[in-house]
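Chain by chain, the residues:
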Amino acid sequence: MITPGSTTTAKVREDWVASFEVEKIRKDFPILSEKVHGTSLVYFDNAATSQKPQVVIDTVQRYLSTYNSNIHRGVHGLSERATEAFEQSRKKVQRFINAAQAREVIFVRGTTEAINLVAQSYGRTHIGAGDEIVISAMEHHSNIVPWQILCEQTGAVLRVVPINDAGELLIDEYEKLLTSRTRLVSVVHVSNALGTINPVHEIIRLAHRQGVPVLVDGAQATPHLRVDVREMDCDFYAFSGHKLFGPTGIGVLYGKDELLEAMPPYQGGGDMIKSVTFEKTLYNDLPYKFEAGTPHIAGVIGLGAAVDYLNGIGLERITLYEHGLLEYATEALSAITGLRIIGTAREKASLISFVLDGVHAHDVGTILDHDGVAIRAGHHCTMPLMQRFGVPATARASLAFYNTKEEIDVLVGAIHKAIEMFG
Amino acid sequence: MSDLRELYQQVILDHNKKPRNFMKPEGADRTAEGYNPLCGDVVTVYLQLEDDVIRKIGFQGSGCAISKAAASMMTDSVKGKTTDEAQALFEKFHALVTGDGTSDPNDLGKLAVFSGVREFPVRVKCATLAWHTMRAALEGKGETVSTE
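Residue numbers (the numbering used here), protein chains in the order written: chain Y, 1 to 423; chain R, 424 to 571.
Treat the hints with care, since some could be wrong.
As the list claims (entries may be wrong) - Calculated lysine-lysine pairs in the BS3-like style (CA-CA distance at most 27 Å, straight line):
no., chain 1, residue 1, chain 2, residue 2
1, R, K479, R, K504
2, R, K479, Y, K417
3, Y, K417, R, K515
4, R, K533, R, K515
5, Y, K91, Y, K11
6, R, K502, R, K440
To be verified - With beta-carbon atoms standing in for the labels, derived distance ranges:
no., chain 1, residue 1, chain 2, residue 2, range
7, Y, A262, R, S485, 39 to 49 Å
8, R, S485, Y, A48, 51 to 61 Å
9, R, Q471, Y, G293, 38 to 48 Å
10, Y, G358, R, K533, 31 to 41 Å
11, Y, A48, R, E542, 16 to 26 Å
12, Y, V157, R, K533, 26 to 36 Å
13, Y, Q210, R, S485, 55 to 65 Å
14, R, D426, Y, G358, 20 to 30 Å
15, R, E542, Y, G390, 50 to 60 Å
16, Y, Q148, R, Q471, 37 to 47 Å
Hint data in this document are derived by calculation from the structure and do not stem from the laboratory.
Heads up, the beta-carbon is just placed ideally off N, CA and C, and yes, glycines get one too.
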């Protein structure tokens with residue numbers, strides 16, 4: 001969906017949708033022609049991890065087979081090439097999220113590590129006993145547990161913004177939770193279990209009014225929406241490479257320069273130092289201060305290729321195309337008797353969680369798999385959220401821009417089989 | 424569809440819909456909880472032992488068809504058995520669902536309907552959760568059993 005204030009005209013948007021050549025795009029992803037149980041794969045588990053375009057696979061392979069070496073230290077040619085490719089990727093990511101400087105882009109293992117880094121490095125120096133950290137009721141465990149650990153360490157208190165039955169954050173309640181004790185807000189941009197797109201601009205504006213910094217968990221947003229950290233004015237933004245059509249084991253923490261600069265290192269080791277003696281160690285500058293040890297070089301270079309690939313298609317076009325898929329799938333699934341969609345926010349990414357009367361999500365998953373349809377069944381690492389909706393688990397179909405309406409038809413057919421079997 | 428039908432046999436679907444002994448029996452003095460963190464399935468098994476024989480057994484909880492039917496049929500099949508007999512039956516059942524070849528389905532009576540599980544390795548934990556929990560209740564450890 002197009003954000004308010006977008007300058008694109010209706011005509012331009014129509015042209016984008018019309019020119020979206022999904023069949024051509026699908027050819028970029030070799031796995032999409034795989035068979036599962038003898039039938040064509042319908043991959044609807046993109047929120048768990050996305051598939052990789054050939055260009056990402058080739059880029060990683062080229063690094064490993066032609067210039068594999070360590071970075072930032074070798075005097076030899078291979079190391080220079082690897083360092084150059086690694087730092088180019090950082091610049092690609094910087095432009096991708098519109099960060100002001102490349103040094104604000106810290107490479108980490110994934111969203112989880114990014115949040116833990118902020119909790120431990122920023123949290124332990126700025127948050128103390130009686131201080132409050134605000135999160136929402138729709139957070140992934142990775143944006144709950146790091147704060148609980150910090151609370152145990154410091155005596156701080158975790159406050160949770162409630163949501164309504166549609167799965168939308170209650171902004172008035174949020175505002176009430178922002179007090180003189182609030183030290184940090186950490187919220188998800190797009191919910192992995194509901195698909196809700198949170199009003200992060202408003203969340204950040206309200207927090208900043210009180211001088212409170214905001215971390216945004218962007219793991220599920222970056223594959224679907226154009227993210228502009230400066231326009232959003234978030235203080236930290238975390239996301240994962242593998243959900244963004246890049247490799248696993250690599251992710252990004254964006255942080256505003258002045259915040260990162262003042263934060264102590266998260267881990268100690270090589271690459272994060274300027275000089276070491278047994279008496280005193282001088283830490284390196286940003287971003288290296290937070291990148292101890294040899295990083296996932298292949299992952300970083302692969303992520304750079306994924307970012308290039310996405311720019312080639314255009315996030316705005318992806319958003320529009322996926323919105324069409326979401327509308328089609330929502331209508332088709334809503335028409336199934338006994339099916340209830342969990343998460344009906346007005347602003348949603350292309351993800352549908354549902355429960356089926358009399359059929360447990362796991363059984364739905366097994367039966368769908370038989371028709372080649374890969375979905376996720378379970379609590380999606382959001383156990384408090386499942387409790388909020390009074391369901392032990394949901395089945396979740398999460399769509400990417402390489403998915404099609406025909407695949408949604410296969411999903412619907414498979415759901416009918418599950419109903420028939422359990423009827 | 425054929426191996427799906429093999430997994431979801433009619434008996435399993437029936438027990439899922441109408442689980443037997445789905446309650447806390449009066450006088451139950453041993454309890455254990457089982458939990459599958461992977462999917463959130465939970466089961467509580469209650470039983471009463473008398474001279475080493477399981478006199479009463481029941482369960483409560485929520486889970487998929489496989490885990491619910493397995494719990495229901497487990498309670499039916501161990502009722503009236505000694506603790507050793509119940510343990511031995513679990514071992515045979517475990518061998519059946521993991522397909523290690525040492526179990527003769529004929530020894531298992533009605534429980535043989537779970538033989539289709541061996542084709543679905545991720546569902547083995549669903550089929551064995553209530554059994555692990557029953558064993559924990561027998562051993563009286565009083566702690567939550569986890570499949571992980």
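Verify the CB-CB distance for Y:A48 and R:E542 against the hinted window 16 to 26 Å. holds, 23 Å
Taking the beta carbons of R:S485 and Y:A48, is their distance inside 51 to 61 Å? Violated, at about 23 Å.
Given the proposed pairing of Y:K417 with R:K515, does the C-alpha separation stay at or below 27 Å? This hinted pair is violated, its Cα atoms lying about 32 Å apart.
Given the hint that R:K479 pairs with Y:K417, test it: the Cα-Cα distance must not exceed 27 Å. Violated, at about 38 Å.
Consistency of beta-carbon spacing, Y:G390 to R:E542, with hint 50 to 60 Å: Cβ of R:E542 to Cβ of Y:G390: about 33 Å, so the range 50 to 60 Å is violated.
Whether the CB-CB distance between R:D426 and Y:G358 falls inside 20 to 30 Å: holds, 22 Å
Under the criterion that the straight-line Cα-Cα distance not exceed 27 Å, is the pair R:K479, R:K504 satisfied? holds, 10 Å
Take a look at whether the Cβ-Cβ distance between Y:A262 and R:S485 falls inside 39 to 49 Å. Cβ of Y:A262 to Cβ of R:S485: about 48 Å, so the range 39 to 49 Å holds.
Between R:K533 and R:K515, is the straight-line Cα distance small enough, at 27 Å or below? Holds: R:K533 and R:K515 sit about 13 Å apart, inside 27 Å.
Given the proposed pairing of Y:K91 with Y:K11, does the C-alpha separation stay at or below 27 Å? violated, 33 Å
Is the distance from the Cβ of Y:Q210 to the Cβ of R:S485 consistent with 55 to 65 Å? violated, 42 Å
With 37 to 47 Å as the target window, see if Y:Q148 and R:Q471 comply at their CB atoms. Taking Cβ atoms as reference, Y:Q148 and R:Q471 lie about 39 Å apart, which means the hint holds.
Checked against the numbered hints given earlier, this structure breaks hints 2, 3, 5, 8, 9, 10, 12, 13, 15; the rest are met.
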